[in-house]
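Chemist: Start from chain A and add chain B according to the hints.
These protein sequence lines are chains A and B, in that order. If you count by the UniProt record's numbering, then the first sequence holds residues 1 to 310, one letter each, in order. If you count by the UniProt record's numbering, then the second sequence holds residues 1 to 169, one letter each, in order.
Among the hints, a few may not be true.
[Stated by the list, open to error] Computed list of lysine to aspartate or glutamate pairs in EDC-like fashion (alpha-carbon distance at most 20 Å, straight line): (1) 86/B / 97/B; (2) 39/A / 294/A; (3) 262/A / 221/A; (4) 284/A / 259/A; (5) 42/B / 280/A; (6) 132/A / 112/A; (7) 86/B / 120/A; (8) 162/A / 122/A; (9) 86/B / 159/A; (10) 23/B / 221/A; (11) 61/B / 274/A; (12) 262/A / 274/A; (13) 86/B / 122/A; (14) 47/A / 294/A; (15) 281/A / 268/A; (16) 23/B / 5/B; (17) 61/B / 159/A; (18) 138/A / 128/A; (19) 23/B / 280/A; (20) 149/A / 89/B; (21) 149/A / 71/B; (22) 262/A / 242/A; (23) 42/B / 274/A; (24) 61/B / 90/B; (25) 47/A / 268/A; (26) 61/B / 94/B; (27) 149/A / 90/B; (28) 149/A / 127/A; (29) 135/A / 160/A; (30) 138/A / 159/A; (31) 162/A / 117/B; (32) 23/B / 117/B; (33) 103/B / 152/B; (34) 86/B / 160/A; (35) 113/A / 29/B; (36) 138/A / 160/A; (37) 61/B / 271/A; (38) 281/A / 267/A; (39) 61/B / 160/A; (40) 19/A / 30/A.
Simulated from the structure, these hints should not be mistaken for laboratory data. Small disclaimer: the values here were computed from a predicted structure and weren't measured.
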Amino acid sequence: MFVQVCLYFYCKCLWRCLKFVVRKLTGQCELQRICYNTKPGAARTMKIGNCRILSSRLQTSVSVHPDAIEKTIDDIMELKRINPDINPQLGVSLQACLLQIVGYRNLIAEVEKLRREPYDSENPQHEEMLLKLWKCLKPNSPLKARISKQWCEIGFQGDDPKTDFRGMGLLGLYNLVNAWQYLDDFFFSPLSQFSKAEWEKKKFDKAIGYSFAIVGINITDLAYNLLVSGALKTHFYNVAPEAPTLTHFQQTFCYLMHEFHKFWIEEDPLDIMEFNRVREKFHKRILKQLQNPEMALCPHFAASESLINM
Amino acid sequence: MISLEVRILLLGLDNAGKTTLLKQLASEDISHITPTQGFNIKSVQSQGFKLNVWDIGGQRKIRPYWRNYFENTDILIYVIDSADRKRFEETGQELAELLDEEKLSGVPVLIFANKQDLLTAAPASEIAEGLNLHTIRDRVWQIQSCSALSGEGVQVRLWRRLAVPAGHL
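Pulled out of the complex, with its shape left as it was, chain B reads as follows:
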């Protein structure tokens, strides 16, 4: 059987939960996460697909390096800490800049409204409105509430549904 490789880029501000999401996806222990200096990469096999997931640190100092990883991206996953309302503006700005990038044009984007396990988390609908997601016209997009901590809402089949209409898989 031919195994299709999919390159997934995982971005978002620091402390959004990118590495936890990555480890959750690879069914690894999530109790020893440390801040990502640089990047992590993991390959996950799923129903004939090989997902190569790149998790790049979200620290402000590292963000300029994000662009080095844009090339050949099949799906962009943008993670938001739904409980960190003070930084919604900052995260919205970063996302808007990403969507303007030429190398990422047309790449489907999946936005994870993470940390829904916290009581103070904003619902996905509120985040979608705040980020003006409905104005995105040049690509397939979807917002999904999830908790990387519990694993709720991070299923792989959802990512695939997103990518298929765009002809990326």
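Bound-form chain A, shown alone:
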């Protein structure tokens, strides 16, 4: 125990000395070195986020307002004795990074709020959105009653979808309603051996191999876990030049649904009972992909191209 404590302080001391020496040699502080030597995007923002000077400052105010960022930067520049006139780019770069870091935190809070709001059948807004989901997915066959076995046709478990939202609350519903517009890409691609005619004939559950709605809610859980664990930082810092928003999260969900569907077909499971095994494998694969700082969860997307102005 004692040895460990000594080792800890020794390493800490060594690290500080090293930083001091490098600073004297290059004439730049850690923040400057990161901003000048690292490409904009996840690689840079994540390094900046790990800097002690920033993490301690950002911790004190958990949800920093975007306006407060400028002041934080001025404070840091003053503390580090960096002249803003000589280093005009540094402030801009730092601001972009901080916007992303704070935005990611605010996004977690926003997503969490939606998740915690349970589906309430007394709330007309919730009901309206649920009925919209039906209309989007089955435009040609009207719903006969609010409580109806028809809900099973789009992959809910029983005759009233409200119980299926469970731990994902309104977040699940929002995601499903948003995902329908990408449906064509999901299911009717040449990859899946499944046609629109089958979908219309209500046989799609059999055809896609799983229940669309409750799998959507399960993938919502996956996206939520990736967000809260911080794994999605790579993706968001690469695709959102300013703060990531709920729209970004929903796009990520759609992408995950799309990829999961492809993965499901590749895995070619025997039956639905293999769902959790396939989901777990998929989760691990996405986690691994997100370890690459260049990664963005979008098809054909060069991560840092849109971030040149940062």
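Modeler: This is chain B only, laid out in the frame that chain A set:
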């Protein structure tokens, strides 16, 4: 010490609370439950016993797969949403079919009258009567009111008391 393995099968209609019960048993977070597509399995150590609990989805479409998990079951746990009176008949029917299954013959059954935290929940005695549980003669059975949400009534020792007289443990 030899660790005895017990295979527990957790069944019931969708939204009965099977996964919540499973997570509660494994002392895991129960705030992110999603509908079970397929099944979940967890192993829980308890006083020299290793409980392998199989939680199978209750959706109508998945029920035909239940039979694939019958083999070597030591205890059957059947979960009922006590507040969902509209589906008492459906849940009773499913239970009756399970008790008729040859592979489950003689397997002790513990029925959880779940969701007792809800004001509209029916008491366990009413459910027992509605399901004609007193007519079960070929096995040990017990009904227990519980709330998987709060953890009340889901203690493991109760399961063991049920299984011991049947010589399963």
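Chemist: Take the hints in turn and mark each one as holding or not.
Modeler: Evaluated hints:
no., hint, in the structure
1, 86/B / 97/B, "19 Å, holds"
2, 39/A / 294/A, "10 Å, holds"
3, 262/A / 221/A, "19 Å, holds"
4, 284/A / 259/A, "13 Å, holds"
5, 42/B / 280/A, "15 Å, holds"
6, 132/A / 112/A, "23 Å, violated"
7, 86/B / 120/A, "19 Å, holds"
8, 162/A / 122/A, "11 Å, holds"
9, 86/B / 159/A, "12 Å, holds"
10, 23/B / 221/A, "16 Å, holds"
11, 61/B / 274/A, "14 Å, holds"
12, 262/A / 274/A, "15 Å, holds"
13, 86/B / 122/A, "19 Å, holds"
14, 47/A / 294/A, "13 Å, holds"
15, 281/A / 268/A, "13 Å, holds"
16, 23/B / 5/B, "19 Å, holds"
17, 61/B / 159/A, "13 Å, holds"
18, 138/A / 128/A, "15 Å, holds"
19, 23/B / 280/A, "17 Å, holds"
20, 149/A / 89/B, "17 Å, holds"
21, 149/A / 71/B, "32 Å, violated"
22, 262/A / 242/A, "31 Å, violated"
23, 42/B / 274/A, "16 Å, holds"
24, 61/B / 90/B, "14 Å, holds"
25, 47/A / 268/A, "40 Å, violated"
26, 61/B / 94/B, "13 Å, holds"
27, 149/A / 90/B, "14 Å, holds"
28, 149/A / 127/A, "17 Å, holds"
29, 135/A / 160/A, "16 Å, holds"
30, 138/A / 159/A, "16 Å, holds"
31, 162/A / 117/B, "19 Å, holds"
32, 23/B / 117/B, "17 Å, holds"
33, 103/B / 152/B, "31 Å, violated"
34, 86/B / 160/A, "12 Å, holds"
35, 113/A / 29/B, "18 Å, holds"
36, 138/A / 160/A, "16 Å, holds"
37, 61/B / 271/A, "12 Å, holds"
38, 281/A / 267/A, "10 Å, holds"
39, 61/B / 160/A, "15 Å, holds"
40, 19/A / 30/A, "8 Å, holds"
Hint violations for this structure: numbers 6, 21, 22, 25, 33, all remaining hints satisfied.
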